[in-house]
Amino acid sequence: MANSKELKVSAIENGTVIDHIPSENLFKVITILGLDKISTQITFGANLDSKKQGRKAIIKVSEVFFQDHEINKISLVAPHARLNVIKNFEVVEKSDVTIPDTIVGIVKCFNPKCVTNNEAVTTHFSVINKKEVALRCHYCEKITTQEELRFEAS
Amino acid sequence: MPQMKNRSLVSINDFSKEEILHILDLAEEFEANPNQKLLEGKVVGSLFFEPSTRTRLSFETAINRLGGRVVGFSDSASSSATKGESLKDTIQMVSRYADLIVMRHPLEGSARYASEQSLVPVINAGDGANQHPTQTMLDLYSIRKTQGKLDDLNIFLVGDLKYGRTVHSLLMALSDFNPTFHFVSPEELRMPREYKLFLEEHGIPYYEHGELSEIIDEADIIYMTRVQKERFSDPMEYERVKNAYVLKRNMLKGTKDNMRVLHPLPRVNEIHTDVDASPKAYYFDQARNGVFARMALIAAVMGLK
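Protein chains in written order, with full-length UniProt numbering: chain D, 1 to 154; chain Z, 1 to 305.
Derived from the structure by calculation, the hints contain no laboratory data.
Worth double-checking, as some hints may not be accurate.
Here are the simulated PhoX-like pairs of lysine-lysine, each with C-alpha atoms no more than 25 Å apart in a straight line [claimed, not checked]:
| # | chain 1 | residue 1 | chain 2 | residue 2 |
| --- | --- | --- | --- | --- |
| 1 | D | Lys-142 | Z | Lys-229 |
| 2 | D | Lys-28 | D | Lys-130 |
| 3 | Z | Lys-88 | D | Lys-113 |
Which chain D residues stay away from chain Z? Per the calculated CB distances, all over 10 Å, these [as the list claims (entries may be wrong)]:
| # | residue |
| --- | --- |
| 4 | Val-17 |
| 5 | Gln-53 |
| 6 | Phe-66 |
| 7 | Glu-70 |
| 8 | Phe-89 |
| 9 | Gly-105 |
| 10 | Val-127 |
Sample of chain D residues lacking proximity to chain Z, with all beta carbon distances greater than 10 Å (derived) [what the hints assert, rightly or not]:
| # | residue |
| --- | --- |
| 11 | Gln-67 |
| 12 | Asn-88 |
| 13 | Val-92 |
| 14 | Thr-116 |
| 15 | Ala-120 |
| 16 | His-138 |
What you are looking at is a predicted structure, and each value in this text was computed from that prediction instead of being measured.
C-beta: ideal position from N, C-alpha, C; glycine also.
Taking the hints into account, I'd like the entire structure generated from these sequences.
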């Protein structure tokens, strides 16, 4: 039997479980993945006990399977997230998110004078440090750090 | 020979060392023979969304000496940006009129964005506090001309090192030439961390100083900058620091014979006018070099040389 913590959010037959999301970023993950706009069943829980993180959030999405490039979009808000692919109530694949080399959209440039904050331009960054996130803006060339991360409203 | 035809020139970081040296060689050719009608029959769109006397006139002189024609505006008040037209639309339109775009714009990153929207090459004539690659090219040209080389020089950057884009670009461009940097600035206007980090990563020595004093005796180049009023959100802050770093003739006494004083201009009072008559004052010749450097860059992207 699955452990009792897992069952606080009901099991799914087929789909994806995204585990180890920082509780405070649960809704950001939902927005970034566009889960607020899909029609299949989603259950989620926040402020669950976690040995690793203290408090974590978990999302279970039925009938949705993510490509790596899609799921890596959440790496900035949930760097330790783990994906479990479920088929027939069984975990058939586990993977961790990784921070990609470039990030398009999602994040805002911290520089108020950057063209991306003043014209309708999609942001575009090179990731220059994956440990302590540092993103160089393709346009203004300024570096946005972990503390300065802000996300675009979708 | 590096292939630069049809390429936009947005950031000095886009140039390889070989490309920089190629442009400097071309500039030297144009200095020796400044009137060459290579641009005859071509139209250059000169889009200055913020005013700039020197850069604009220098570009227009370069285009005229090459025999090209200029259309454009010298301030956003006389452009359709005042009607709310987006930068994208302006560029889409002008790039269907002209063979080349020269643009200055107050937003940082606007030149990269314009180059992505344009059908013709874009030369960045300054995008806010970000990049001003043609200024950097003329600075490099001036350094090489006065020192006979770009390698192994002691470069002193003085004044507004926080907001001064010219010093940032110059720093990046010289990084391939084994320099030693000295930064002289008030506490509030120190070199930003990303540039110091860059130097550390590349093993380039730099020293920070709070005062302009006898340390300049070691300099090959003293690059002075204006503490710009428009970069300050607090005018009191500007008043407090504006007179802190003024170079005077008597300070040049112990400096090396080959040392030259550079300044991107306009100068306000950071170089006393008594320095102007010194053979070590080079800033007006530096401005003149801007015409040759810009001729070289235009010729390179238009595939004329």
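So, going through the hints one by one against the coordinates:
1. Restraint check: the Cα-Cα separation between D:Lys-142 and Z:Lys-229 comes to about 22 Å, which is no more than 25 Å; the hinted pair holds.
2. Annotation: proposed proximity of D:Lys-28 to D:Lys-130 holds, straight-line Cα distance about 19 Å (limit 25 Å).
3. The straight-line distance between the Cα atoms of Z:Lys-88 and D:Lys-113 is roughly 17 Å, inside the 25 Å bound, and the hint therefore holds.
4. Here D:Val-17 stays apart from chain Z, with its beta-carbon at least about 39 Å from theirs, past the 10 Å limit.
5. Separation of D:Gln-53 from chain Z is adequate, the least Cβ-Cβ distance of about 30 Å exceeding the 10 Å criterion.
6. Interface exclusion of D:Phe-66 from chain Z stands, the closest Cβ pair being 29 Å apart, more than 10 Å.
7. Interface exclusion of D:Glu-70 from chain Z stands, the closest Cβ pair being 25 Å apart, more than 10 Å.
8. For D:Phe-89, the condition that its CB be more than 10 Å from all CB atoms of chain Z holds, with the nearest at approximately 48 Å.
9. No beta-carbon of chain Z is positioned within 10 Å of the beta-carbon of D:Gly-105; the least distance is around 15 Å.
10. Every CB of chain Z lies more than 10 Å from the CB of D:Val-127, the least distance being 15 Å, so the non-interface label holds.
11. No beta-carbon of chain Z is positioned within 10 Å of the beta-carbon of D:Gln-67; the least distance is around 26 Å.
12. With a cut of 10 Å on Cβ distances, D:Asn-88 stays outside the contact zone with chain Z, its closest approach being about 47 Å.
13. Interface exclusion of D:Val-92 from chain Z stands, the closest Cβ pair being 42 Å apart, more than 10 Å.
14. A cut-off of 10 Å between C-beta atoms contradicts the statement that D:Thr-116 is not in contact with chain Z; the least separation is 7 Å.
15. Separation of D:Ala-120 from chain Z is inadequate, the least Cβ-Cβ distance of about 7 Å not exceeding the 10 Å criterion.
16. For D:His-138, the non-interface assignment is contradicted: its Cβ lies about 7 Å from the closest Cβ of chain Z, within the 10 Å cut-off.
Checked against the numbered hints given earlier, the structure breaks hints 14, 15, 16 and satisfies all the rest.
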